[in-house]
Amino acid sequence: MNAYSYYPGCSLHGTAVEYGLSTEAVCQALGVELREVDDWNCCGASSAHVANRWLAHGLVARNMRLARATGLRDLVIPCAACFARFKETQAALADPETAAAIEEVAGGAVPRDLTIDPLLAILSEPGLLAKLQAAVVRPLAGLKLAPYYGCLLTRPPEVARFDDPEDPQTLDRLLRVLGAEVVSWPGKTACCGSSLALSRTEVVLDLSHQLLAWAEEAGADAIATACPMCHSNLDMRQGQMRRAGKGDHALPVYYFTELVGVALGIGNSELGISRHLVEAAALLGRVPAGTRS
Amino acid sequence: MARVGVFVCHCGSNIGGTVDCAAVASAAREMPGVVHASDYKYMCSEPGQRLIQDKIAAEQLDRVVVASCSPRMHEPTFRRTVAAAGVNPYRMEMANLREHCSWVHGDKPVATAKAVEIVGMLVAKALRDEALRPGRAELSKRLLVIGGGIAGIQAALDVANAGYEVTLVERTPTIGGKMAMLDKTFPTLDCSACILTPLMVDVVQHPKIRLMTSAEVEEVHGFVGNFDVTLRQKARYVDHAVCNGCGTCWGKCPVKDVVSEFDQGMGARTAVYLPFPQAIPNKPVIDAAHCRSIAYREAQARQAAEQGLSPEQATKLRPVGPDGKKLPPCGICEKLCTTKAIRFDDEDALVTERFGAIVVASGYDLFMLDGSHDEQLAPEERKPYYGEYGYGRHPDVITALQLERLMNASGPTKGEVVRPSDGKHPRAVVFIACVGSRDEKVGRPYCSKICCMYTAKQAIMLREHDPRVESYVFYMDLRAGGRSYDEFTRRAQEVYGAHYLRGRVSRVYRKGERYVVQGYDGLLGRPVEIEADLVVLANGVTSARGSVELMQKLSISYDGYGFINEAHVKLRPVETNTAGIYLAGCAAGPKDIPDTVSQASAAAAKVAGLFARPFIETEPTIAEVLAQRCVACHLCDEVCPYGAVTFVEQKGGRLAAQINPAVCKGCGVCAAGCRGRAIVLHGFNDQQLLAEVESLFARPLPLRPARRQPEPLIAE
Amino acid sequence: MSGSAASHEVLAFVEAASGQKLRECYQCSKCAAGCPLGQAVDLSPQQIIRALQLGQAERALDSRGLWMCVGCQTCVTRCPCEVDLPRVMDALRSYALATHRPAALGEVAVFHRVFLKSIELLGRVYEVGLIGGFNTLSGHLFDSVDLAWPLLVRGKIKPLPPRIRARGEVAAIFARAEARRAMEATR
Numbered sequence: 001m002n003a004y005s006y007y008p009g010c011s012l013h014g015t016a017v018e019y020g021l022s023t024e025a026v027c028q029a030l031g032v033e034l035r036e037v038d039d040w041n042c043c044g045a046s047s048a049h050v051a052n053r054w055l056a057h058g059l060v061a062r063n064m065r066l067a068r069a070t071g072l073r074d075l076v077i078p079c080a081a082c083f084a085r086f087k088e089t090q091a092a093l094a095d096p097e098t099a100a101a102i103e104e105v106a107g108g109a110v111p112r113d114l115t116i117d118p119l120l121a122i123l124s125e126p127g128l129l130a131k132l133q134a135a136v137v138r139p140l141a142g143l144k145l146a147p148y149y150g151c152l153l154t155r156p157p158e159v160a161r162f163d164d165p166e167d168p169q170t171l172d173r174l175l176r177v178l179g180a181e182v183v184s185w186p187g188k189t190a191c192c193g194s195s196l197a198l199s200r201t202e203v204v205l206d207l208s209h210q211l212l213a214w215a216e217e218a219g220a221d222a223i224a225t226a227c228p229m230c231h232s233n234l235d236m237r238q239g240q241m242r243r244a245g246k247g248d249h250a251l252p253v254y255y256f257t258e259l260v261g262v263a264l265g266i267g268n269s270e271l272g273i274s275r276h277l278v279e280a281a282a283l284l285g286r287v288p289a290g291t292r293s
Numbered sequence: 001m002a003r004v005g006v007f008v009c010h011c012g013s014n015i016g017g018t019v020d021c022a023a024v025a026s027a028a029r030e031m032p033g034v035v036h037a038s039d040y041k042y043m044c045s046e047p048g049q050r051l052i053q054d055k056i057a058a059e060q061l062d063r064v065v066v067a068s069c070s071p072r073m074h075e076p077t078f079r080r081t082v083a084a085a086g087v088n089p090y091r092m093e094m095a096n097l098r099e100h101c102s103w104v105h106g107d108k109p110v111a112t113a114k115a116v117e118i119v120g121m122l123v124a125k126a127l128r129d130e131a132l133r134p135g136r137a138e139l140s141k142r143l144l145v146i147g148g149g150i151a152g153i154q155a156a157l158d159v160a161n162a163g164y165e166v167t168l169v170e171r172t173p174t175i176g177g178k179m180a181m182l183d184k185t186f187p188t189l190d191c192s193a194c195i196l197t198p199l200m201v202d203v204v205q206h207p208k209i210r211l212m213t214s215a216e217v218e219e220v221h222g223f224v225g226n227f228d229v230t231l232r233q234k235a236r237y238v239d240h241a242v243c244n245g246c247g248t249c250w251g252k253c254p255v256k257d258v259v260s261e262f263d264q265g266m267g268a269r270t271a272v273y274l275p276f277p278q279a280i281p282n283k284p285v286i287d288a289a290h291c292r293s294i295a296y297r298e299a300q301a302r303q304a305a306e307q308g309l310s311p312e313q314a315t316k317l318r319p320v321g322p323d324g325k326k327l328p329p330c331g332i333c334e335k336l337c338t339t340k341a342i343r344f345d346d347e348d349a350l351v352t353e354r355f356g357a358i359v360v361a362s363g364y365d366l367f368m369l370d371g372s373h374d375e376q377l378a379p380e381e382r383k384p385y386y387g388e389y390g391y392g393r394h395p396d397v398i399t400a401l402q403l404e405r406l407m408n409a410s411g412p413t414k415g416e417v418v419r420p421s422d423g424k425h426p427r428a429v430v431f432i433a434c435v436g437s438r439d440e441k442v443g444r445p446y447c448s449k450i451c452c453m454y455t456a457k458q459a460i461m462l463r464e465h466d467p468r469v470e471s472y473v474f475y476m477d478l479r480a481g482g483r484s485y486d487e488f489t490r491r492a493q494e495v496y497g498a499h500y501l502r503g504r505v506s507r508v509y510r511k512g513e514r515y516v517v518q519g520y521d522g523l524l525g526r527p528v529e530i531e532a533d534l535v536v537l538a539n540g541v542t543s544a545r546g547s548v549e550l551m552q553k554l555s556i557s558y559d560g561y562g563f564i565n566e567a568h569v570k571l572r573p574v575e576t577n578t579a580g581i582y583l584a585g586c587a588a589g590p591k592d593i594p595d596t597v598s599q600a601s602a603a604a605a606k607v608a609g610l611f612a613r614p615f616i617e618t619e620p621t622i623a624e625v626l627a628q629r630c631v632a633c634h635l636c637d638e639v640c641p642y643g644a645v646t647f648v649e650q651k652g653g654r655l656a657a658q659i660n661p662a663v664c665k666g667c668g669v670c671a672a673g674c675r676g677r678a679i680v681l682h683g684f685n686d687q688q689l690l691a692e693v694e695s696l697f698a699r700p701l702p703l704r705p706a707r708r709q710p711e712p713l714i715a716e
Numbered sequence: 001m002s003g004s005a006a007s008h009e010v011l012a013f014v015e016a017a018s019g020q021k022l023r024e025c026y027q028c029s030k031c032a033a034g035c036p037l038g039q040a041v042d043l044s045p046q047q048i049i050r051a052l053q054l055g056q057a058e059r060a061l062d063s064r065g066l067w068m069c070v071g072c073q074t075c076v077t078r079c080p081c082e083v084d085l086p087r088v089m090d091a092l093r094s095y096a097l098a099t100h101r102p103a104a105l106g107e108v109a110v111f112h113r114v115f116l117k118s119i120e121l122l123g124r125v126y127e128v129g130l131i132g133g134f135n136t137l138s139g140h141l142f143d144s145v146d147l148a149w150p151l152l153v154r155g156k157i158k159p160l161p162p163r164i165r166a167r168g169e170v171a172a173i174f175a176r177a178e179a180r181r182a183m184e185a186t187r
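Chains as they are written, first to last, in the working numbering: chain A, 1 to 293; chain B, 1 to 716; chain C, 1 to 187.
Treat the hints as calculated values from the structure; they're not laboratory data. Quick caveat: nothing in here was measured; it's all calculated off a predicted structure. Backbone N, C-alpha and C define an ideal beta-carbon position, used for all residues, glycine too. Some hints could be false.
Take a look, some chain C residues computed to stay more than 10 Å from chain A by CB distance [what the hints assert, rightly or not]: (1) SER4; (2) HIS8; (3) GLN27; (4) PRO102; (5) ARG180.
Label-pair distances were calculated between CB atoms; the ranges are [unchecked claim]: (6) B/GLU306 to A/ARG161: 42 to 48 Å; (7) B/GLU306 to A/GLU217: 23 to 29 Å; (8) B/ASP323 to C/GLU82: 44 to 50 Å; (9) C/GLU82 to B/VAL648: 55 to 61 Å.
One chain only, chain A, in its complex shape:
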């Protein structure tokens, strides 16, 4: 059974358009049906829970109702931050009193039988991973990648229930299946600075520069990530970092779905590679062309 409700979230239609493009391309190639949730609203991201936790729960709860209305019980969410918000609300629904309040705010019943997974988990399921391995036509030989999970895929472990919070391995395994070499580096689950990108840019420049420096020290050619916020902080601001005197980086940052797409032989434009701010096609050019068509 390979059909999922699909919640792209605001960024996959916007600043993370590559993630959206590559997700759809890859899922199509692997026979995974994505049914986009109709008329979904923003999950509230980092702002709703800061202002009012009921608002955060209410916004997610509406989306959960809409997701269930697709007829499917399994929901997949590519964006790590949206995923975290959904999981927090799902956890809160476990308490009857809180659940009643959430349903009141959301204006109706909220389904309790949804399974909510990050896209990384779905593509790494044993069955699909085996299918992926068999379908690889252009192994990412010679690429050294630093797998970057960010904060919200694995933390807090009781809510996310996805991989180890200190040394997760799911993305590592996936990248190896694609034929790449995975480097060991300290920034695996370190924070990029997240939503302070606009309001306190210097913090993001500091933290993201540190991540790029660690990746370079570990010998990585590029960083592979699963979070639109992380990607935008790492990819969009390398120029700003240089101007602020924080290192001189030119490290490409890929969404893991882009890398999956490359390995499956899908073209760069279909995957959105050209839309990165840090030039990202040249490195992929080093990967030998596909062995099978």
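Dock chains B and C against the given chain A, drawing on the hints supplied.
Only chains B and C this time, still in chain A's reference frame:
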């Protein structure tokens, strides 16, 4: 005609503050059977007890009711008091006016009325008290000590020196326990082996101590003075009776890469091995899991059986391993042994013996960062802890005991403190405290007590090894409560220059050859980063592997962490709730060597006190079966928590239940359950209990104020 | 410790809204050690809890550390006393925003307000409006303007706002959530 005396105690203001004791005494005077009633401030004191004894003589009392505290407090006291005055001690009842009355009520008239009711009940009971006599049982004056660490060694020596026989059972091949792995001990910096090995030699040479290593307790039955214990002597494959410890076998053993438990995984040993040079017995054993000869024999037997060969044909079969290659028969140690001590066909042996007392000194284990200490979880459910420290990923992140092995001259690096990764001497060492202790999240909210001190010790010793080393200790609190302990930790900082940072570590990562330790100093209130060559984790104390299983075999009480519960935390620290079983050392919670040795000697004193008696007295307030009424339905046997019931043939051939008076604890469950009312619980028989109930409901209630209407449970 | 009456009110709200008992924190600083904001803050997460424990809630509310917190969840993942710090931070910030208390980092509060306005009106984030609104209200008119053109040409920000059909539903959620929060605050 019964003559009851009632003595109402004020217990200072504990009772007297809430209950009008004089009024209770006057009410008691009117009760049937009571010929004397008085009140006094402290009945348990010398004058109080003398008062009771004087009145017994003056009024010819033959039953006494002491209206005071709980029998759990002073039943033995007052039994002795009345016995000394010639009244049968089982004709003394205690009416609990404290825990059951004054300590749970605030209203004086209500409490006083209730006190009168309670006294009335106990008077009714006392009128029907039997003149019971304690039973007697034999007492075997042999001690079993479980565990051969410093606690077990000390207890064994003390009792043996008192002249009694001791059997010391240790499940590993040598005694010495964790203390044998230590290099130096705090706060004196004594060399651990130097103070321990003489005691170990004393044990093996003592004429009254029988040492059994590689042995475990299999089953325990019985009761104080009469424990029938089955011990399992595990196969050692070396006959210690003929082995002379020459060392040829382990010198020539071709299997040289077995991870050494004694060296905490930092070194290797052979398959036939001596755990450490000063091991006692100083004779090797064979680790069957890694011995090629034993593997050969087992494979040979298995494959011969599969092929249906005869025993003679089996000996000629060359077995193959899982990879299809022929297995090597080895047997080198057997061929070279000059005393023919190698026994590849050795098997476990069971032996059952009787002991009068048991000291449980089974020790502790350490919190393992890979989660392997989580015995209650299935192996596949165990998960690693504290991934942020990188233990297991970074070779130079080690535990404190691993560092101890490195520092020790008999250790894997001959006492050179070097990094496991490259063998270089570290310049900067970071210690992280409270790993697996004081942490709700990992299920260990308690403090492990010894880590602050041993960390300071290790920081001091590192400087002794290398004056250029810089030590950094990340701590939450400094627990150094013993004599000269705080001075010791100050010494580490002031004289030996250890840098103490009050904060925690968030991440350890590799940077080239070194590591960056990211942490926080809470006193300055700023994050800190230290470049280190070696990181040492002070992992906490957990109960020893298999503790829960052992405690259950012994029927002793333990807590949620697997540590033994003492009978009373303050006043009975080395006894368990099971008579005849004592405790010593870390099996009952984390503690240092001085406290462990103190407990061991204390337990030994208790054992000597027990063994000094000619026999065991058994309580008569136990259950008894009236055989003529018993139909042997077995309900009593099913419900008895102590296994006290057996079935005995009566005249005429039918069976009837019989209760072992030495095992029965008088809990009364059998008596309550017996369908035919064939069981009497002496001291609490049916007539007594019914009399108490009748007393409660027959008595008029002059002192109770008008009852309030009870509140409705559901609001209208 | 005794604190001002206002401090007690804040503490009561924070404990109720977060469901956490602040007394359970034994100030070990594991949270501060792992906080990515590290050097950048005046009060670390540990110190924010300490201020609350000492009845000095205003000190916590007025700190920069409170607004720098990005909710990376590192603290709660590691806290040995199982105190859910992100929820405590959320409760504090929610209290500050609702009582219109000037935030020590005004730009962060402005960012959140502008972001949420976009959701309330449109149902989704309108990035151009977000940047524009943020820059205007925070007075940093030219922040990230260097990114505007590169993002626009790559189709990463849309010139026109996205709008969902059921905008009224989303607005109603905002209203009901606010009512519930107000009810909690007055209890």
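Hint by hint, here is what the structure shows:
no.: 1; hint: SER4; result: holds, 25 Å
no.: 2; hint: HIS8; result: holds, 22 Å
no.: 3; hint: GLN27; result: holds, 20 Å
no.: 4; hint: PRO102; result: holds, 15 Å
no.: 5; hint: ARG180; result: violated, 5 Å
no.: 6; hint: B/GLU306 to A/ARG161: 42 to 48 Å; result: holds, 46 Å
no.: 7; hint: B/GLU306 to A/GLU217: 23 to 29 Å; result: violated, 56 Å
no.: 8; hint: B/ASP323 to C/GLU82: 44 to 50 Å; result: holds, 49 Å
no.: 9; hint: C/GLU82 to B/VAL648: 55 to 61 Å; result: holds, 57 Å
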